[in-house]
Amino acid sequence: MSLTVEQYNKLDESEQKKAMKEIEAKIKTLQQTLDKEFEQYINNEIPAKIIELNGMSRKVPTLFHETPPIKVNILHTDVAATHQQTASKNAKNSNTAPPRKRRRLNPNKEDNDEDDTQIHTGVWYSKTPRTLSELSRLETSVAINESMNSISNLIDREIIQIIDIVTSMKMSISLKIPAIQEGLNFGVEIQEEMVDDLGRAENGALDAIEQISNYYQIRSKAISKILKWPYLQDYRDALQEFDKSHAATLKSMVVDLRNSYMILHDTLTKNMEKIKNPRDQRSKFYMY
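Counting along the sequence shown from 1, when you hit position 80 you're at 66 in this note's numbering, and nothing is skipped either side.
Calculated lysine-lysine pairs in the BS3-like style (CA-CA distance at most 30 angstroms, straight line):
(1) K4 x K22
(2) K156 x K14
(3) K22 x K162
These are computed hints drawn from the structure, not numbers from a lab.
Please put together the full structure from these sequences, using the hints given.
As structure tokens, then:
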């Protein structure tokens, strides 16, 4: 039975104690589930992930293929001129012309009531409308680089999995941290250090997701430059080199994920005794 705070407050004292016992039982069951998952990750899943990511790091360069040349829809001069003349005639024949957009030279400065001779930023310029040739180029359909998309999808799944794993393990260790007291805190410090290591691995995975997202944004801007200036070869070469650079970045991401698993597995297994029993009562007999 799930209760809201308002429903819980409406219960009498005996029912509140009963509801609290049920909540504590559920929390204990959740903690036991996290402990079982922790053992499963350490003994089975993380070693398997290390081997899998090691093979993937060698496979990623073979999956990459360069982007085929972009064929821009270029409207020929004679056809463009004919369409331009037709458009201008239609504009003259129409009784109501659409309002033209305008922009300020310096929109950051506010207008005031002073004389126009004292205002140097009050000049307005009309926005030049796009030509039919430019519209034709911008309407070009550009396919995505399928190889880069497939590699990114593979790494996305691995990143989500490592986030799930480290989040579960971090919670499992955090629930084992005992109450604060004087003395015998060496094991507690080890637990806190392990939680910090897991948090750093989680932050690195989140940064990798952001890098993949930024790749598509930057690449779309590079493609728009090619559509606007189709005869500049430098823009086309820049797109190809950007894809190659990101392919190397994706390989590096896979290696970083593998290394994160290896470091976490090594550190956790070496300190497993202190993680499970941070304050072993036997240690106080060996202080002197």
